[in-house]
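**Student:** Produce the complete structure using the sequences and hints provided.
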Amino acid sequence: MRYKKESSDLKIYAVAGTQTVLLSFDIAKSKIENKNFLGFSLERKDKNGIIKYLNGTKYFASLQTVTDPEIRYTSLLQTFYWQDYTADPGQTYTYTVKPMFGTAINHLPKYENSIEVTTENLQEGKHSVYFNYGVTGSQAYAHNKEYGNRPISDLQGVALEHALAFLGRDLWSEGLLKFVRQATNNTFSIYGSFYELQFPVFLDELKAASDRGADVQLIVSGKPDQYDDKIYKDGTVRLNNKSMLKNAGLELMIKTVRTKPSQPHNKFMVLCQDGKPKQVWTGSTNITLAGIFGQCNTGHWIVDDAIAKKYLDYWTGIQGNPFMSIQAKLCEAIQPDTDLVGLTKGTYVFFSPRDLPVVKNVAPAHLQHYADLIDSAKELVCMVFPFNMDEVFNTVFKRDKECLRLLLFESASDAEGVKSNDIDVKVTAGAVYEGGEKQWAKEITTKAITGAGILYVHNKFFLVDPLSDKPVVVTGSANFSANSIQNNDENTLVIKGDTRVADIYLAEFDRLFVHFWPRYLSKLQTKNNQPLQGFLKPLDETFTWHKDYFDETKYVMKRKLLFKKMKGAKKVK
Numbered sequence: 001m002r003y004k005k006e007s008s009d010l011k012i013y014a015v016a017g018t019q020t021v022l023l024s025f026d027i028a029k030s031k032i033e034n035k036n037f038l039g040f041s042l043e044r045k046d047k048n049g050i051i052k053y054l055n056g057t058k059y060f061a062s063l064q065t066v067t068d069p070e071i072r073y074t075s076l077l078q079t080f081y082w083q084d085y086t087a088d089p090g091q092t093y094t095y096t097v098k099p100m101f102g103t104a105i106n107h108l109p110k111y112e113n114s115i116e117v118t119t120e121n122l123q124e125g126k127h128s129v130y131f132n133y134g135v136t137g138s139q140a141y142a143h144n145k146e147y148g149n150r151p152i153s154d155l156q157g158v159a160l161e162h163a164l165a166f167l168g169r170d171l172w173s174e175g176l177l178k179f180v181r182q183a184t185n186n187t188f189s190i191y192g193s194f195y196e197l198q199f200p201v202f203l204d205e206l207k208a209a210s211d212r213g214a215d216v217q218l219i220v221s222g223k224p225d226q227y228d229d230k231i232y233k234d235g236t237v238r239l240n241n242k243s244m245l246k247n248a249g250l251e252l253m254i255k256t257v258r259t260k261p262s263q264p265h266n267k268f269m270v271l272c273q274d275g276k277p278k279q280v281w282t283g284s285t286n287i288t289l290a291g292i293f294g295q296c297n298t299g300h301w302i303v304d305d306a307i308a309k310k311y312l313d314y315w316t317g318i319q320g321n322p323f324m325s326i327q328a329k330l331c332e333a334i335q336p337d338t339d340l341v342g343l344t345k346g347t348y349v350f351f352s353p354r355d356l357p358v359v360k361n362v363a364p365a366h367l368q369h370y371a372d373l374i375d376s377a378k379e380l381v382c383m384v385f386p387f388n389m390d391e392v393f394n395t396v397f398k399r400d401k402e403c404l405r406l407l408l409f410e411s412a413s414d415a416e417g418v419k420s421n422d423i424d425v426k427v428t429a430g431a432v433y434e435g436g437e438k439q440w441a442k443e444i445t446t447k448a449i450t451g452a453g454i455l456y457v458h459n460k461f462f463l464v465d466p467l468s469d470k471p472v473v474v475t476g477s478a479n480f481s482a483n484s485i486q487n488n489d490e491n492t493l494v495i496k497g498d499t500r501v502a503d504i505y506l507a508e509f510d511r512l513f514v515h516f517w518p519r520y521l522s523k524l525q526t527k528n529n530q531p532l533q534g535f536l537k538p539l540d541e542t543f544t545w546h547k548d549y550f551d552e553t554k555y556v557m558k559r560k561l562l563f564k565k566m567k568g569a570k571k572v573k
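1 is the number of the first residue of the sequence shown in this note's numbering; add one for each residue after it.
Treat the hints with care, since some could be wrong.
[What the hints assert, rightly or not] Below, computed lysine-lysine pairings styled on PhoX-like, alpha-carbon distance capped at 20 Å:
#1 K110 <-> K378
#2 K31 <-> K537
#3 K537 <-> K527
#4 K558 <-> K11
#5 K537 <-> K547
#6 K242 <-> K230
#7 K233 <-> K447
#8 K207 <-> K178
#9 K426 <-> K554
#10 K558 <-> K426
#11 K345 <-> K496
#12 K310 <-> K126
#13 K345 <-> K310
#14 K255 <-> K242
#15 K126 <-> K496
#16 K573 <-> K45
#17 K242 <-> K401
#18 K126 <-> K276
#19 K278 <-> K178
#20 K110 <-> K31
#21 K309 <-> K276
#22 K558 <-> K547
#23 K442 <-> K145
#24 K4 <-> K571
#25 K207 <-> K255
#26 K47 <-> K573
#27 K110 <-> K29
#28 K31 <-> K11
#29 K419 <-> K398
#30 K11 <-> K110
#31 K11 <-> K570
#32 K310 <-> K278
#33 K345 <-> K360
#34 K126 <-> K278
#35 K126 <-> K178
#36 K126 <-> K45
#37 K11 <-> K126
#38 K419 <-> K4
#39 K398 <-> K378
#40 K233 <-> K278
If you are wondering where the hints come from, they were derived from the structure by calculation, not from laboratory data. Just so we're clear, the structure is a prediction, and the values are computed from it rather than from any experiment.
**Tutor:** Pasting the structure below:
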């Protein structure tokens with residue numbers, strides 16, 4: 001939901017997802033210029049009247065010798081943009097913003113404004129979206145005394161339970177588990193297609209649904225990396241799909257061991273009742289310890305008979321392990337390639353394989369449609385790349401455009417593949433912070449915590465003009481590559497005109513982008529032997545920090561204008 005309050009000198013704009021609230025401030029330059037403006041104070045009041053200050057962790061250099069930590073580390077925000085990552089779904093909060101003037105040790109507010117914001121419910125309407133916490137490389141995980149920075153395999157009992165609840169967030173407890181638990185008797189069926197189906201607790205849930213009388217049928221990847229057990233050089237064994245399903249008593253529920261694609265990469269379930277398809281669970285999340293509790297992932301829950309039927313038709317087509325050329329015809333019959341720019345409001349689902357046979361050095365038609373959709377953006381593009389970026393997108397991002405384009409990569413090496421001189425293309429990548437400040441704990445990656453191969457981001461989504469009245473969200477299992485379209489089993493949703501869905505995805509993208517941005521910059525600065533900025537840079541005491549927020553060539557000003565001009569915002573009095 002979008003909100004704005006413009007009834008005072010200080011204006012506030014907000015976008016609420018399910019667990020994140022984005023806040024943008026605006027005030028006339030004449031009211032702060034040359035007036036010893038230090039920054040903003042921000043507080044949040046919940047429904048119980050509990051007040052929490054959301055100020056940052058930086059401090060003023062002039063206070064470094066102050067021994068009282070409450071004075072030294074009580075900092076202001078030197079930004080016109082902030083995020084609350086500690087919100088809960090379906091809750092109302094009041095945010096109060098105060099511009100502060102004076103000195104580091106003695107400052108007072110001159111203006112004040114408050115805005116009431118209600119976060120989105122986790123489950124509501126046709127589309128519900130779930131994310132894990134995913135960022136094990138974080139101060140929240142590293143500082144936690146109960147499980148901080150320890151591998152999951154080292155935890156037991158309550159500590160393990162708490163760590164999984166923290167990392168899994170609502171993707172696990174409110175998403176995956178609740179979806180399966182709907183199958184309460186023999187009137188229900190669950191038809192699943194999975195790349196990696198290996199987390200024992202989830203397998204137990206499928207077995208429990210079967211024991212309740214539900215018909216559970218599974219298609220699983222039969223490729224050796226997912227199906228057969230892997231023996232490492234040190235003698236340890238990783239049990240994969242075949243063994244894990246057998247151990248869970250689910251081997252008789254396997255209808256097809258899928259081997260024809262390069263990667264049978266789906267991660268979806270269709271829920272039927274009385275033989276009729278009703279709901280779908282899909283997204284980027286593999287059913288593994290690393291997928292649910294390690295790298296960042298998405299779960300998308302759809303309640304819609306027509307969409308569920310398309311998924312069931314596709315699932316039925318995969319049975320028997322057909323050749324890719326045969327399956328491609330079914331995929332294109334369910335949803336042909338189409339111009340994504342001209343789509344009317346609604347939800348569309350595209351299945352792979354498609355666009356066969358492969359034509360050498362020619363982008364698949366559907367991939368080109370993605371590029372054209374991104375190129376049509378007028379305000380903002382947000383895109384996650386878990387792997388390298390296809391050249392069809394590089395061509396688009398090389399063009400100098402007025403709109404902001406924010407790209408998040410899994411690795412720095414993949415991020416380096418972006419060849420754009422457009423200052424409005426901002427690139428970051430997964431990283432942990434390795435600094436040695438006392439207030440910052442050393443972070444470790446998802447590989448150390450869960451054994452994950454993908455260390456940071458595994459989401460597969462992008463957003464086009466998410467703050468407009470016609471936002472586009474593209475999400476699912478595919479990695480936006482020629483291989484995923486032509487050689488893999490995949491499913492992708494294209495959702496146009498649903499502002500609730502767009503707001504939820506935008507809030508999560510922002511959480512990830514802002515988390516990794518300073519860590520990635522620190523990596524680049526270390527690599528290039530540059531002085532470290534970001535985390536280390538103290539707050540400005542020259543009263544000039546705000547100037548970029550009034551310069552229309554700067555990223556921070558363009559971002560501020562995005563929120564000021566966003567469509568469909570509720571006016572708060």
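**Student:** All hints, please: hold or fail.
**Tutor:** Taking the hints in turn, this is what the structure says about them:
1. K110 <-> K378: Violated - the C-alpha atoms of K378 and K110 are around 36 Å apart, more than 20 Å.
2. K31 <-> K537: The given pair, whose Cα atoms are some 26 Å apart, is violated under the 20 Å limit.
3. K537 <-> K527: holds (18 Å)
4. K558 <-> K11: holds (16 Å)
5. K537 <-> K547: holds (17 Å)
6. K242 <-> K230: Holds, at about 11 Å.
7. K233 <-> K447: holds (18 Å)
8. K207 <-> K178: holds (14 Å)
9. K426 <-> K554: holds (12 Å)
10. K558 <-> K426: Measuring from Cα to Cα gives roughly 12 Å; hence the hint holds.
11. K345 <-> K496: holds (5 Å)
12. K310 <-> K126: holds (15 Å)
13. K345 <-> K310: holds (18 Å)
14. K255 <-> K242: holds (13 Å)
15. K126 <-> K496: holds (13 Å)
16. K573 <-> K45: Given pair K573, K45 holds - Cα atoms ~17 Å apart, limit 20 Å.
17. K242 <-> K401: Distance ~49 Å between K242 and K401 Cα, so the pair is violated.
18. K126 <-> K276: holds (17 Å)
19. K278 <-> K178: holds (15 Å)
20. K110 <-> K31: holds (10 Å)
21. K309 <-> K276: Distance of about 8 Å is within 20 Å: holds.
22. K558 <-> K547: holds (13 Å)
23. K442 <-> K145: holds (14 Å)
24. K4 <-> K571: holds (5 Å)
25. K207 <-> K255: holds (15 Å)
26. K47 <-> K573: Holds - the C-alpha atoms of K573 and K47 are around 19 Å apart, at most 20 Å.
27. K110 <-> K29: With a Cα-Cα distance of about 14 Å, the restraint between K110 and K29 holds, given a limit of 20 Å.
28. K31 <-> K11: holds (13 Å)
29. K419 <-> K398: Distance of about 6 Å is within 20 Å: holds.
30. K11 <-> K110: holds (14 Å)
31. K11 <-> K570: holds (14 Å)
32. K310 <-> K278: Within the cut-off at roughly 11 Å; holds.
33. K345 <-> K360: The given pair, whose Cα atoms are some 34 Å apart, is violated under the 20 Å limit.
34. K126 <-> K278: holds (11 Å)
35. K126 <-> K178: The given pair, whose Cα atoms are some 16 Å apart, holds under the 20 Å limit.
36. K126 <-> K45: Cα-Cα ~31 Å, so violated.
37. K11 <-> K126: Given that 20 Å is the threshold and the Cα spacing comes to 33 Å, the pair is violated.
38. K419 <-> K4: Measuring from Cα to Cα gives roughly 37 Å; hence the hint is violated.
39. K398 <-> K378: The hint holds at about 16 Å.
40. K233 <-> K278: violated (46 Å)
Violated hints, listed in ascending order, are 1, 2, 17, 33, 36, 37, 38 and 40; each of the other numbered hints is respected by the structure.
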